[in-house]
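What follows is each chain in one-letter form.
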Amino acid sequence: MIWKFQQSSPILAVQPEKRMFEAMGLETVIVSTIIGACALSFGASAYLFMRARPAPAAKDLDKIVKNAPYHRLHNVLKVEAGS
Amino acid sequence: MKTPLRFKRRPATALVAMANSLSMGDAVPGGELSQIIGAVVLDQAERAALLAAIRASNDPDCGLAVADLLAAYATEAAEAEAQARDADQVIGQWAQRLAAGALLASFGAAIAGTVTGGLAFGLTLLSFSGFIFATASRIGGRGKMRRRAQARESADSLARHVLEAGKLRKEGK
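Sequences listed follow chains A and B, in order. Read in order, the letters of the first sequence correspond to residues 0 to 82 in numbering that gives the first Met the number 0. Read in order, the letters of the second sequence correspond to residues 0 to 172 in numbering that gives the first Met the number 0.
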């Protein structure tokens, strides 16, 4: 009886002479699938988080404003010398 | 519109200076230029100061150069927005669906009794936290997308207004 049951459902039958995938239990298959799906989802989310991080500013804004090429404006626009 | 005789050193005047410098053949670091434009387009006071500076300038091409820089910034922002939308729809949505599927699968396996005890609990917890993580990352990505869209629209409208200010200056109104 037991032998017949194992014959009809190869997934449940863990026999050393069976091939690797057939010897895998249902629990192993389901657990590894769920863990794999979660790992993929975590990886994709981490990538999205990395993308959404604002790019670091190249320089301080005040410094850029102070060092802008105002000398090019001498005939175009009057700009105060100091800040 | 009255304009002041002397302008302060502020992002708006720095942008006009950079545009002038560029049209005269001098190089301006690209990162600094986009940072200045980003500071100008999202600030009401800087926008007003930029329009006043364009009206007060003696160079008729000054407004055109600034408007072109603003339009280029808007194009760049639109590109970044499209990339963020693609990432959200292609990756974010599927990360969420995958985590939701894993959650349902772990529920199903636990109910059917295939996976029991601590393992079932751990799987459910893992997929649930994955779903929350995916949702949070999507919200963050969409926030960036919105900021980009706002920058694009502001830069577009400011470019139009700068051109108008240049025309007004030419007509001497």
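Don't take every hint at face value.
[Stated by the list, open to error] Part of the chain B face toward chain A, derived, beta carbon under 8 Å:
1) V15
2) Q43
3) A47
4) A51
5) S56
6) P59
7) Q88
8) G91
9) A104
10) A108
11) I110
12) G117
13) S126
14) R145
15) Q149
These aren't lab readings, by the way, just hints derived from the structure by calculation. Remember, predicted model here, so these are calculated numbers, not experimental data. Where is the CB? At the ideal position from N, CA and C, for every residue including glycine.
Here is how each hint holds up against the structure:
With 8 Å as the threshold, the beta carbon of V15(B) comes within range of chain A, its nearest partner Cβ sitting at about 6 Å, so the hint holds. For Q43(B), the interface hint is violated, since its Cβ never comes within 8 Å of a Cβ in chain A; the closest pair sits about 17 Å apart. Interface hint status for A47(B): violated, as the beta-carbon distance to the closest one in chain A is roughly 15 Å, over 8 Å. Because the closest C-beta pair between A51(B) and chain A is about 10 Å apart, greater than 8 Å, the hint is violated.
A least Cβ separation of about 5 Å between S56(B) and chain A falls short of the 8 Å threshold, and the interface hint therefore holds. Proximity of P59(B) to chain A is violated relative to the hint, the smallest CB-CB distance being about 10 Å (cut-off 8 Å). Proximity of Q88(B) to chain A is violated relative to the hint, the smallest CB-CB distance being about 11 Å (cut-off 8 Å). A least Cβ separation of about 5 Å between G91(B) and chain A falls short of the 8 Å threshold, and the interface hint therefore holds.
Look at A104(B): its Cβ gets to within about 5 Å of chain A, closer than 8 Å, so that hint holds up. Checking A108(B) against chain A: minimum C-beta separation of about 5 Å stays under 8 Å; hint holds. For the restraint placing I110(B) at the interface with chain A, the shortest Cβ-Cβ distance is roughly 12 Å, beyond the 8 Å limit, so the hint is violated. For G117(B), the interface hint is violated, the least distance from its beta-carbon to any beta-carbon of chain A being 12 Å, above 8 Å.
At its closest, the beta carbon of S126(B) sits 5 Å from a beta carbon of chain A; the interface hint therefore holds under the 8 Å criterion. This hint is violated: R145(B) has a C-beta 11 Å from the nearest C-beta of chain A, more than the 8 Å allowed. The closest approach between the C-beta of Q149(B) and any C-beta of chain A is roughly 14 Å, which is over the 8 Å cut-off, so the hint fails.
Checked against the numbered hints given earlier, this structure breaks hints 2, 3, 4, 6, 7, 11, 12, 14 and 15; the rest are met.
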